[in-house]
Amino acid sequence: MSASSELSQVAVVGFPNVGKSTLVNRLAGGREAVVHAEPGVTRDRKQIECEWNGVRFELVDTGGVDLAAADSLSLAVQEQAREAMASADAILLVVDARAGLRPGDAELAKLLRGAEVPVVVVANKIDRPDDVHLAAEFHALGLGEPHSVSAAHGHGTGDLLDDVAAIAAAAEREPRPEDERTVRLAIVGRPNVGKSSLLNTFLGAERVIVSERAGTTRDAIDTRAEIDGRPLILIDTAGLRRRSKVAGTVGYYAQLRSERAAERADVALVVCDASEGITSEDLRIAELAMRSGCATLVALNKWDVGRADLDDVRARLERRTRLDPPIVVCSAKTGRAVPELLRAAVALADRRATRIPTPELNRFLADVVSRTPPPAKRGGRRLRVYYIAQVETAPPRFKAQVNDRRLISRDWAYHLENRLRAAYQLQGVPLIIDFVPRTRSSRRRPGRARTRSGGRDRK
Numbered sequence: 001m002s003a004s005s006e007l008s009q010v011a012v013v014g015f016p017n018v019g020k021s022t023l024v025n026r027l028a029g030g031r032e033a034v035v036h037a038e039p040g041v042t043r044d045r046k047q048i049e050c051e052w053n054g055v056r057f058e059l060v061d062t063g064g065v066d067l068a069a070a071d072s073l074s075l076a077v078q079e080q081a082r083e084a085m086a087s088a089d090a091i092l093l094v095v096d097a098r099a100g101l102r103p104g105d106a107e108l109a110k111l112l113r114g115a116e117v118p119v120v121v122v123a124n125k126i127d128r129p130d131d132v133h134l135a136a137e138f139h140a141l142g143l144g145e146p147h148s149v150s151a152a153h154g155h156g157t158g159d160l161l162d163d164v165a166a167i168a169a170a171a172e173r174e175p176r177p178e179d180e181r182t183v184r185l186a187i188v189g190r191p192n193v194g195k196s197s198l199l200n201t202f203l204g205a206e207r208v209i210v211s212e213r214a215g216t217t218r219d220a221i222d223t224r225a226e227i228d229g230r231p232l233i234l235i236d237t238a239g240l241r242r243r244s245k246v247a248g249t250v251g252y253y254a255q256l257r258s259e260r261a262a263e264r265a266d267v268a269l270v271v272c273d274a275s276e277g278i279t280s281e282d283l284r285i286a287e288l289a290m291r292s293g294c295a296t297l298v299a300l301n302k303w304d305v306g307r308a309d310l311d312d313v314r315a316r317l318e319r320r321t322r323l324d325p326p327i328v329v330c331s332a333k334t335g336r337a338v339p340e341l342l343r344a345a346v347a348l349a350d351r352r353a354t355r356i357p358t359p360e361l362n363r364f365l366a367d368v369v370s371r372t373p374p375p376a377k378r379g380g381r382r383l384r385v386y387y388i389a390q391v392e393t394a395p396p397r398f399k400a401q402v403n404d405r406r407l408i409s410r411d412w413a414y415h416l417e418n419r420l421r422a423a424y425q426l427q428g429v430p431l432i433i434d435f436v437p438r439t440r441s442s443r444r445r446p447g448r449a450r451t452r453s454g455g456r457d458r459k
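Note that the working numbering numbers the sequence shown so that position 217 is 217, with each residue one more than the last.
Please keep in mind that the hints were generated in silico from the structure rather than gathered at the bench. Accuracy of the hints is not assured; some may be wrong.
[Stated by the list, open to error] Derived lysine to any residue pairs resembling SDA-like cross-links, with alpha carbons at most 25 Å apart: (1) K399 / R355; (2) K377 / I432; (3) K110 / A76; (4) K377 / N362; (5) K110 / R98; (6) K399 / R384; (7) K377 / H415; (8) K377 / D367; (9) K110 / A140; (10) K377 / F435.
Can you make the complete structure from the sequences, with help from the hints?
Printed below as a string of structure tokens:
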């Protein structure tokens, strides 16, 4: 499998807590990057698409680089920033104008003076016109005229974007047409179950930071990739906890982005720790994925360390989600079943987008009703289902015409859903069945309706 990118990339680097993520959000016109007063929030590099004056490019947000720090997490953040700079077409070196020129800024500037791509110094936190003179000190970095900006208030960011867009346009890469077959795969799960390790194994490279420390990933990191000629967008997410446990912390914002990642995905890969089996938190996350409308695939990771009872896992998933999601046992460490996991995700995305022909659906419905008729209710009245058709895909939505919605029993509706899932291999795919009462107009023959309207359709 290979990773790929199609737009010019602009790496945003700097010392911790100089406002890189705030600047990225301001330039991109959104709130994609996690921002918090706590230093060191950003760790992995995050690519965010931006457009200015008709030029599209990617801003690559990176963690704060302190070259003097020697702990394992800081070294991993430095390596991620170096990777971003190595693949960039331009680099923004962000400094804190209010803090003044610091040794960490000078060390980074020394590293960047040998760069083969344009480097732009951005003097951030110049929030008032009276503070513009603070940028002059950064001429000493030897990287040209600093741009005075306020990421918090937007001052000076338009001029900065003009320059960045011009550089990106000059370095514009060969564009690729958007492929409708692209599959979005969100990798979700509890903290420290191996989500980032799986992503790195998928790509065959250290794309995101892996640490024994729980909660290392804080952003939803999108990475383009390809398997068997099929384009993918892999979305690594922060570990999901109950919101009450992360309220008021930086983890709360990471949690929101993880939840949104499932909402924009075709398939959610719910990663569990095989040595622990499937926990109540894993089931809650699987339920969250189901409610978001994406298909669900369960990965029992760390199979090299421990073995879960697969029958128990299936039973608990069935009780909680009703989706009967496929389960793949794998190991990010040894590579066991990792390609199969991606192929299963692609196949699941295709089934989620499948449209079933109406005649075939109605033959299926007639078989279900003949084998298991709806139970009688309300004085012996029985539900009658006249017709069924698929009205939407991704996820599949069906419209079933009935005589009286009040006669529907939940058990029989679930039975119909389960039979539909089994008949068309929709395990792991959320289904929506709307039971619509039959009206007088729907019972009319089409010819008679046209005759009454004088041969013209009513408006």
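Verification of the supplied hints:
no.	hint	verdict
1	K399 / R355	13 Å, holds
2	K377 / I432	23 Å, holds
3	K110 / A76	20 Å, holds
4	K377 / N362	24 Å, holds
5	K110 / R98	21 Å, holds
6	K399 / R384	14 Å, holds
7	K377 / H415	17 Å, holds
8	K377 / D367	21 Å, holds
9	K110 / A140	11 Å, holds
10	K377 / F435	16 Å, holds
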